[in-house]
Every structure is written in structure tokens, then in C-alpha cells.
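Under this note's numbering, the residues of the sequence shown are numbered 6 to 430, in order.
Treat the hints as calculated values from the structure; they're not laboratory data.
Cβ coordinates follow ideal geometry from the N, Cα and C atoms, glycine included.
One or more of the hints may lead you astray.
[To be verified] Ranges between beta-carbon positions, derived for each pair:
#1 Lys134 x Gln413: 50 to 60 Å
#2 Ser112 x Ser407: 44 to 54 Å
#3 Asn391 x Arg414: 12 to 22 Å
#4 Ala47 x Ala90: 49 to 59 Å
#5 Val327 x Gly143: 28 to 38 Å
#6 Arg204 x Lys134: 21 to 31 Å
#7 Ser87 x Asp137: 24 to 34 Å
#8 Asn245 x Asn391: 45 to 55 Å
#9 Asp370 x Lys291: 24 to 34 Å
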Amino acid sequence: MDHFDIVLALAGLALDTDNPRAAQQVERLREALAKSDKEQAAKLSRLLTRHTRRHAMAPMALDEMRTTAEAVRRRLPGEALSRAAPLPHDKETGAPLVRVLFAEENSVAAPVLTPPLSEGIADLLAEWKRADELTRLGTNPHTRCLIYGPPGIGKTHLARYLAQQLNLPLVEARLDGLVSSFLGTTARNIGALFDFANRYRCALFLDEFDAIAKARDDAHEVGEIKRVVNSLLQSLDARNGRGLTLAATNHEHLLDPAVWRRFEARIQIPKPDPKARGGMLDRFAKPLQLSDLERRFLVWVTEGMTGADLEALVIGGKRFFVLHGDPGRPARRRVPQGQRDGRARARMILEALRRQAALNSLLFDERVKALLIGPDDNLAQALLVNGFTQKEVGEMLGLTQSAVSRRQRRARAPESEVLEETAHD
Numbered sequence: 006m007d008h009f010d011i012v013l014a015l016a017g018l019a020l021d022t023d024n025p026r027a028a029q030q031v032e033r034l035r036e037a038l039a040k041s042d043k044e045q046a047a048k049l050s051r052l053l054t055r056h057t058r059r060h061a062m063a064p065m066a067l068d069e070m071r072t073t074a075e076a077v078r079r080r081l082p083g084e085a086l087s088r089a090a091p092l093p094h095d096k097e098t099g100a101p102l103v104r105v106l107f108a109e110e111n112s113v114a115a116p117v118l119t120p121p122l123s124e125g126i127a128d129l130l131a132e133w134k135r136a137d138e139l140t141r142l143g144t145n146p147h148t149r150c151l152i153y154g155p156p157g158i159g160k161t162h163l164a165r166y167l168a169q170q171l172n173l174p175l176v177e178a179r180l181d182g183l184v185s186s187f188l189g190t191t192a193r194n195i196g197a198l199f200d201f202a203n204r205y206r207c208a209l210f211l212d213e214f215d216a217i218a219k220a221r222d223d224a225h226e227v228g229e230i231k232r233v234v235n236s237l238l239q240s241l242d243a244r245n246g247r248g249l250t251l252a253a254t255n256h257e258h259l260l261d262p263a264v265w266r267r268f269e270a271r272i273q274i275p276k277p278d279p280k281a282r283g284g285m286l287d288r289f290a291k292p293l294q295l296s297d298l299e300r301r302f303l304v305w306v307t308e309g310m311t312g313a314d315l316e317a318l319v320i321g322g323k324r325f326f327v328l329h330g331d332p333g334r335p336a337r338r339r340v341p342q343g344q345r346d347g348r349a350r351a352r353m354i355l356e357a358l359r360r361q362a363a364l365n366s367l368l369f370d371e372r373v374k375a376l377l378i379g380p381d382d383n384l385a386q387a388l389l390v391n392g393f394t395q396k397e398v399g400e401m402l403g404l405t406q407s408a409v410s411r412r413q414r415r416a417r418a419p420e421s422e423v424l425e426e427t428a429h430d
């Protein structure tokens with residue numbers, strides 16, 4: 006199809022309207038193209054996949070949130086938490102034990118997760134709308150969730166999103182005030198924290214959970230940790246049915262086995278896969294819009310990154326764009342303006358990545374970092390091996406397709422032929 010890039014952009018804009026008829030028409034176009042141009046059909050498939058994934062974890066509509074909030078209010082006991090409520094403090098230091106994030110302040114976007122996890126979270130929230138039906142079957146919605154995985158993957162973000170969707174204030178435990186060096190004080194603070202959370206209708210969030218839930222058989226811990234964990238277990242049992250309890254940890258292997266059993270849902274958030282990275286890059290890049298090629302390239306170079314890494318990478322790229330202005334640069338050959346502009350912007354993205362590799366080198370896998378800071382020819386060969394076409398590699402490196410082809414021949418040719426071809430160039 007001629008001018009397919011324009012058609013693809015229009016399809017993306019149509020899907021952004023959230024009109025189901027638009028999605029149906031894009032699907033019809035994909036099915037028609039599958040018979041004549043599989044590459045174009047594949048691009049539409051990726052566009053539809055991103056659309057579906059975005060809506061799997063889309064925030065609830067207003068009427069759904071009201072219905073869910075009413076169900077939560079009926080199911081959870083306690084007073085409404087107001088800003089005037091006195092917060093618990095450590096008696097020894099006066100440090101606050103909690104910070105409260107009220108529903109109207111909690112405006113986090115839906116997290117970008119793998120499809121199975123997105124669907125699971127959606128079901129977890131939907132349980133509250135059908136709480137009465139669950140009760141008739143002798144069970145209840147999930148009220149205790151442990152979230153774990155490596156740093157930077159969005160555990161806190163997910164906890165805040167769950168509280169937001171249930172229209173509950175989020176009571177976040179401040180571990181700097183909760184954990185004390187004074188004998189017995191930490192256990193007393195845990196009791197005060199849960200007493201506060203149990204009094205009000207809220208979601209309690211225990212971040213860095215391993216600090217107070219370590220295994221009691223750890224030979225490196227003193228007897229105090231056993232008293233702390235025992236107090237925590239008693240508090241978790243007493244809170245059962247009184248509110249939503251969320252906990253997050255980067256070190257799930259340190260948790261006491263009895264603590265695991267207190268949580269009905271144990272949600273492991275892995276590092277984002279390629280599809281999730283693409284969705285995150287689109288979100289962080291706004292108001293800039295990534296082309297399909299730019300997104301694929303960025304997904305390839307960000308393998309192994311967490312959501313926090315991706316956000317830092319995009320922020321660095323935006324700074325580079327501002328500092329270096331218009332990405333246009335003169336072309337050595339006369340080419341159409343659109344192609345020249347596309348290559349110039351793609352090349353600028355590559356230069357921004359190289360700057361990030363210099364200023365924040367720990368973001369990148371060592372192999373990828375070596376390719377970014379090394380010769381263009383090495384990067385070109387890696388891209389070709391990983392499924393990018395010569396035309397696409399040329400666009401990323403600011404070269405013509407024929408220039409990429411010549412460089413590829415040089416890489417494969419014996420040294421004598423390379424010297425001869427270089428002399429002709």
C-alpha cells in the first residue's frame with residue numbers, strides 16, 4: 006500500500022478515540038493486508054496489541070469507580086479518614102509513622118504490565134463490585150496483597166493505583182520512623198500503626214516490607230527481630246477483614262515464611278518485556294510521539310531495563326533534544342524532505358542514547374553500551390542481525406540504504422577487498 010506510514014498514523018489516532026468501531030475497521034484493514042503485505046499487516050497488529058494492552062489496565066470509568074467505592078464503603082468497617090485526623094508518631098523521637106495520600110491527590114496512571122498480570126489486577130479490582138456474590142459463596146475480595154520484584158519496576162506505583170481505583174486513602178508506613186534502635190520500640194510502633202489503620206477505612210501500604218518481616222531463623226539477626234515479626238503477624242491477623250493491606254519488597258527471599266501465608270495475593274512484577282517497554286516508552290515520551298521504527302529501536306537497546314530506568318532514559322533524551330535544538334542536519338544527497346527529516350530525528354535519538362551511555366552508563370547492558378559508544382559499523386551489523394532492514398538501519402544511522410549495504414559488504418569481505426573499496430569511496 007502506498008503511503009502506508011500515513012495510514013498507520015491515522016489508524017493510531019483513530020484507536021486513541023476509544024471508539025470500538027475504529028478498532029473494528031483497523032482490524033479489517035489488517036486482515037485485508039495480511040493477504041498482500043504481511044509486513045504492513047504486522048505493523049497494524051502491533052498497533053492493535055498496544056491498544057488492547059492499554060485498555061486492559063485502563064482506569065475505571067467514573068460510574069464504575071462510584072459503584073466500586075460504594076461496595077468498598079459497605080464492606081470495610083471504620084471511620085472516614087480526614088485531614089484533621091492526628092497521625093501516629095514514634096514516642097521516642099516524635100517522627101511520624103505514616104504519610105497519608107488522599108484519593109483526590111492520588112492521580113497515578115494505570116501501570117503498564119504484561120497482559121496476564123494486567124488481567125489479574127483488573128479481576129482483583131472487579132471483585133469488589135461483586136462482593137455480595139462472593140459472600141454468598143463463602144469468600145471475600147482480596148484484602149491482603151504482597152507485591153515483590155527488583156527495584157524500579159513499579160511496586161509503589163501499583164499499590165497507589167489499587168488504592169486510587171478503590172477510592173481509598175493510602176496510609177504509607179514511614180519506615181524511618183517505624184524502625185527504632187530502642188528495645189521494644191519497633192514492635193510498639195507497629196502496634197500503633199495498625200491501630201491507626203484499623204480505625205479508619207483505608208489502604209495500608211508497607212513499603213520495604215523486608216525491614217520488619219525478616220525470617221526469624223536468620224542467624225545474623227538479634228532476638229529483637231523475632232519480637233518485631235511476632236508483633237507484625239499478630240497485627241496482620243487482627244486487621245483481617247478490616248481494610249486493604251498492601252506490602253512491597255525488593256528482597257522477597259528475606260521474608261519470614263509465616264509472613265507469606267498472611268497474604269492472599271503474592272504479585273511478582275517482573276522487568277518489563279518488549280511489549281511493556283514499548284508502552285512505557287510511548288507514555289514517558291509524551292508529548293513527543295515515537296515512530297514505529299524509533300520505538301522498536303528503543304525497545305531493543307533497553308533490554309533488561311526497569312520502568313524507572315526507562316523513565317530516566319527518556320528524561321535524559323528530552324534534555325538532549327532541548328539542548329541541541331532542531332534535529333535537522335544537511336543531507337549529503339538530495340532526498341525527499343520527509344525522509345531527510347526522519348533520518349535526522351532518528352540520528353538525534355541515537356546521539357541522545359550515546360550521551361546517556363556516557364552520563365548514566367549503568368542504565369545499559371554492557372553489550373548494548375559497547376555498541377552505542379563504538380563505531381557505527383558495529384551497531385549497524387548488530388541491528389541487521391536482530392531483524393532491522395538495511396533501510397531502517399540507514400534511517401537510524403543517518404545513512405542511505407546503499408551506504409549501509411556497502412558497509413555490510415565491507416564487514417563480510419576479506420581485508421584486501423575492503424581496502425580496495427575504501428580507496429574507491
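Distance restraint evaluation - arginine 204, lysine 134, Cβ atoms, bounds 21 to 31 Å: Roughly 26 Å apart at Cβ, these two residues keep to the hinted range, so it holds.
Outcome for the supplied range 49 to 59 Å, where the beta carbon pair is alanine 47 and alanine 90: The hint (49 to 59 Å, Cβ to Cβ) holds, given that alanine 47 and alanine 90 are roughly 55 Å apart.
Distance restraint hint 45 to 55 Å, applied to the beta-carbon atoms of asparagine 245 and asparagine 391: This hint holds: roughly 50 Å between Cβ atoms.
Range agreement (Cβ of glutamine 413 with Cβ of lysine 134, hint 50 to 60 Å): holds (57 Å)
Hint check for arginine 414 and asparagine 391 - Cβ pair distance inside 12 to 22 Å: At 19 Å between Cβs, range holds.
Cβ separation of serine 112 and serine 407, checked against the hinted range 44 to 54 Å: The hinted range 44 to 54 Å holds for serine 112 and serine 407, with Cβ atoms some 50 Å apart.
Range hint 28 to 38 Å (beta carbons of valine 327 and glycine 143) holds or violated: Once the Cβ atoms are compared, 59 Å apart, the range 28 to 38 Å for glycine 143 and valine 327 is violated.
Cβ distance range 24 to 34 Å for aspartate 370 and lysine 291, holds or violated: holds (26 Å)
Status of the given 24 to 34 Å range, CB of aspartate 137 versus CB of serine 87: holds (28 Å)
In summary, the structure is inconsistent with hint 5 from the numbered list given earlier, while agreeing with all the others.
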